[in-house]
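**Q** Let's have the full structure, built from the sequences with the hints guiding it.
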Amino acid sequence: MAKGTDFLKKLGIADVNPGGFGGEWMGSGPELEVITPIDGSRIAIVKQVTEAEYDQIVARAHQAFLKWRTLPAPKRGEVVRQLGNRLRTLKSELGQLVTLEMGKIIAEGEGEVQEMIDICDFSSTA
Amino acid sequence: MIEQWHPLGVVGVITAFNFPVAVWSWNTAIAAVCGDSVLWKPSSQTPLTAIACIKIAEQIAEENDVDPAIFSLIVGKGSTVGDRMLHDRRIPLISATGSCQMGYRVGEVVGKRLGRTILELGGNNAIIITPSGNLDMALRTILFGAVGTAGQRCTTTRRIIVHGSVRDELVGRLIKAYEGIRIGDPREPDILMGPLVTTDAVQDLQNAIKRVQAEGGEILYGGEPLDGPDYPGGHYVRPCIAAAKNEYEIVQEETFAPILYIIGYGKKSSTAQQAVDEIEEAVALHNGVPQGLSSAIFTENVREAEYFLSNRGSDCGIANVNIGTSGAEIGGAFGGEKETGGGRESGSDAWKAYMRRQTNTVNWSTELPLAQGIKFGD
Chain A
1 MAKGTDFLKK LGIADVNPGG FGGEWMGSGP ELEVITPIDG SRIAIVKQVT EAEYDQIVAR
61 AHQAFLKWRT LPAPKRGEVV RQLGNRLRTL KSELGQLVTL EMGKIIAEGE GEVQEMIDIC
121 DFSSTA
Chain B
127 MIEQWHPLGV VGVITAFNFP VAVWSWNTAI AAVCGDSVLW KPSSQTPLTA IACIKIAEQI
187 AEENDVDPAI FSLIVGKGST VGDRMLHDRR IPLISATGSC QMGYRVGEVV GKRLGRTILE
247 LGGNNAIIIT PSGNLDMALR TILFGAVGTA GQRCTTTRRI IVHGSVRDEL VGRLIKAYEG
307 IRIGDPREPD ILMGPLVTTD AVQDLQNAIK RVQAEGGEIL YGGEPLDGPD YPGGHYVRPC
367 IAAAKNEYEI VQEETFAPIL YIIGYGKKSS TAQQAVDEIE EAVALHNGVP QGLSSAIFTE
427 NVREAEYFLS NRGSDCGIAN VNIGTSGAEI GGAFGGEKET GGGRESGSDA WKAYMRRQTN
487 TVNWSTELPL AQGIKFGD
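Read top to bottom, the protein sequences are chains A and B. Going by the numbering used here, the first residue of the first sequence is number 1, and it counts up by one from there. Going by the numbering used here, the first residue of the second sequence is number 127, and it counts up by one from there.
Keep in mind that the hints are not guaranteed to be accurate.
[Unchecked claim] Computed footprint of chain B on chain A, listed as stretches where at least three residues anywhere in the stretch have a Cβ under 8 Å from a Cβ of chain B: (1) 39–47; (2) 60–74; (3) 94–106.
[What the hints assert, rightly or not] Some chain A residues near chain B, calculated using beta-carbon distances under 7 Å: (4) Leu11; (5) Ala14; (6) Asp15; (7) Asn17; (8) Phe21; (9) Tyr54; (10) Ile57; (11) Val79; (12) Val80; (13) Gln82; (14) Leu83; (15) Glu115; (16) Ile119.
Everything labelled a hint here was simulated from the structure, so no lab data went into it. All C-beta atoms, glycine included, are put in the ideal place defined by N, C-alpha and C.
**A** Right, here's the structure in full:
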C-alpha cells in the first residue's frame with residue numbers, strides 16, 4: 001500500500017476487502033484491482049460478489065426493510081442525522097479516499113463529503 | 127378519501143466514478159427516512175469509497191440497534207450481478223447515474239418489468255455569454271465548470287455560446303486563465319486539475335480532438351497528454367479549448383474529459399441592444415443537442431435572462447442566470463431532460479420517488495354509493 005495512507009486504516013480499508021455487504025461482509029468472486037489514477041499504482045484489492053452472494057444480499061436487504069419500515073419516521077431520521085454527524089468527523093479521511101481513488105483535488109473530494117452531510121441534514125431536518 | 131405514502135422496499139442505487147460517494151448519499155439519506163433499504167452498486171473504478179461509506183453506515187445502524195442490511199452493497203461486474211439487479215423484481219426502483227448508453231440499458235431492462243427508474247445521465251452543458259454579461263464572473267465560472275474535476279462532472283461546462291462582439295476578448299482571457307491552471311497530483315494544495323480517471327479517458331480526449339479538427343474546428347489551446355515525473359501513470363492531460371460549430375457530431379456527444387467548445391452567435395458588429403434580438407439564435411444553438419442537464423446565461427439584460435428561463439428558453443433540467451452549470455444544490459431538484467433521462471434527485475419533493483402512493487376510501491356512512499353513481503341491481 002502506498003505511503004501516507006493512514007486514512008485508509010481509519011476508514012477500515014485493508015489490502016484485500018470483501019465487496020459485498022448485507023448485514024455481514026462477503027465476497028468470494030473475482031478479485032478487482034483498484035488503481036489510483038494519480039500514478040497508476042495499486043491501492044488495494046476488492047473481492048467481488050458472486051451471483052449467489054448477490055441473491056443472499058438482496059434477500060437480507062429486503063428482510064431489513066420489513067423491520068426498518070415499522071420504525072417511526074423520526075427514529076429513521078435520527079439514524080440519518082447521526083450518519084451525517086459521523087461523516088462530519090470523517091470528512092477529511094473520506095475526502096482523501098475520494099481523491100486517491102478517482103483523482104479529483106482534495107477540495108473537491110472534501111466538497112463531496114460535505115454534500116453527503118448536507119443531504120443527511122436536508123432529509124432528517126427539512 | 128385520504129392518501130398515504132408507503133415505503134417501497136429495496137432501492138437499487140447504481141453510481142458512477144465521478145461522484146463516488148455523494149450520489150449514494152443523495153439517494154440513501156432520503157430513501158432511509160422514507161423507510162426503504164438501499165442496495166448500492168458502485169462503479170468498479172471506485173469500490174473502496176463505497177466500502178468505506180458502508181462501514182460508516184453499518185456502525186451507525188448497529189449503534190442504533192437497527193439491521194445494518196438497510197445499507198447493503200455489491201461490488202461486482204455490470205454484466206453479471208449488475209444485470210441481475212436490473213432484472214430483479216425484488217427491487218422496485220433503480221436509481222442510476224452514468225452515461226446515456228448505460229441509461230438506455232437500465233431504462234430498457236427495468237422498463238420491461240415495469241419497474242421504476244430515476245435516471246441521471248449525460249449532459250452537454252452550455253453557457254450563453256451575451257454582450258452585457260459580466261466577463262469577469264463568466265470567466266471564473268467557465269474555468270471552474272470546464273476544468274473542475276478535470277471535466278468529469280455530469281454538469282461540466284462543455285460548450286460556450288458567445289456573442290460575436292465579445293468572443294475574441296473572452297477567448298483571449300480564457301486561454302490566459304487556462305495557462306495558469308496547475309495540473310498534477312490532486313493531493314497537492316495548489317493543484318487545480320488532477321488526472322483523468324482512466325487512460326481510456328485520455329484516449330477519448332485525443333479522439334475528440336481529432337474529430338473536431340476533421341469536422342473543420344480549430345484547437346485554440348491544450349489537449350495534449352502530459353508525461354514526465356510530475357505526471358506519472360499516463361492519466362494527465364492539458365485541458366482543451368476548441369473553436370467549433372454546434373452541429374459537429376463530436377460537439378453533439380458528451381466527451382467525459384476537459385474539452386470546451388467555443389461556439390459563436392450573432393453579428394460581430396451588433397450593439398448590446400441589437401444582440402438582444404439575437405438571443406433566439408443563441409438558445410436554438412444551446413438546445414440543439416440531445417442532452418438536457420444543466421445550462422446558464424450571463425447577461426445584465428432582463429429580456430435575455432427571462433427569455434432563457436421562459437418556455438422558449440433553455441430546455442434543461444437546470445437553468446441558471448449569472449452562475450455556472452457546474453454542481454448541484456441540495457434542496458433543488460437535480461436532473462435533466464431528453465437523453466439526460468428525466469430523473470430528479472434531492473429536490474423538495476424527492477422523497478416521493480422513494481415511496482408508493484395509495485388512495486384510501488373509507489366509507490363512514492351506512493350507504494353504499496357505487497362509482498360514477500351507477501345503479502347496479504337495486
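**Q** If a hint holds in the structure, say so; if it does not, say that too.
**A** Against the structure, the hints:
For the segment 39–47 of chain A, the assignment as covered by chain B holds, since 6 residues bring a beta-carbon within under 8 Å of that chain's beta-carbons and 3 suffice. Counting residues of the segment 60–74 of chain A whose C-beta sits closer than 8 Å to any C-beta of chain B gives 11, which meets the bar of three, so the coverage hint holds. For a cut-off of 8 Å, the count of residues in the segment 94–106 of chain A with a CB near a CB of chain B stands at 12, and the three-residue condition holds. A hinted interface residue such as Leu11 of chain A counts as satisfied when its beta carbon comes closer than 7 Å to some beta carbon of chain B; here the least separation is about 4 Å, so the hint holds.
Restraint check, Ala14 of chain A versus chain B: the minimum CB separation of about 9 Å is more than 7 Å; hint violated. Interface restraint check: Asp15 of chain A against chain B, minimum CB-CB distance 11 Å, threshold 7 Å, status violated. Interface restraint check: Asn17 of chain A against chain B, minimum CB-CB distance 5 Å, threshold 7 Å, status holds. The interface hint given for Phe21 of chain A holds, since its Cβ lies 4 Å from the closest Cβ of chain B, which is under the 7 Å cut-off.
The closest approach between the C-beta of Tyr54 of chain A and any C-beta of chain B is roughly 4 Å, which is under the 7 Å cut-off, so the hint is satisfied. Hint status for Ile57 of chain A relative to chain B: holds, with the closest Cβ pair at about 5 Å, below 7 Å. The restraint placing Val79 of chain A at the interface with chain B holds, with a minimum CB-CB distance near 5 Å, inside the 7 Å limit. Among the interface hints, the one on Val80 of chain A holds; its C-beta lies about 5 Å from the nearest C-beta in chain B, closer than the 7 Å criterion.
The criterion of a C-beta within 7 Å of any C-beta in chain B is met by Gln82 of chain A, whose closest approach is roughly 5 Å, and the hint holds. With 7 Å as the threshold, the beta carbon of Leu83 of chain A comes within range of chain B, its nearest partner Cβ sitting at about 5 Å, so the hint holds. Hint status for Glu115 of chain A relative to chain B: holds, with the closest Cβ pair at about 4 Å, below 7 Å. Interface restraint check: Ile119 of chain A against chain B, minimum CB-CB distance 5 Å, threshold 7 Å, status holds.
Going down the numbered hints, you'll see the structure goes against 5, 6, while the others check out.
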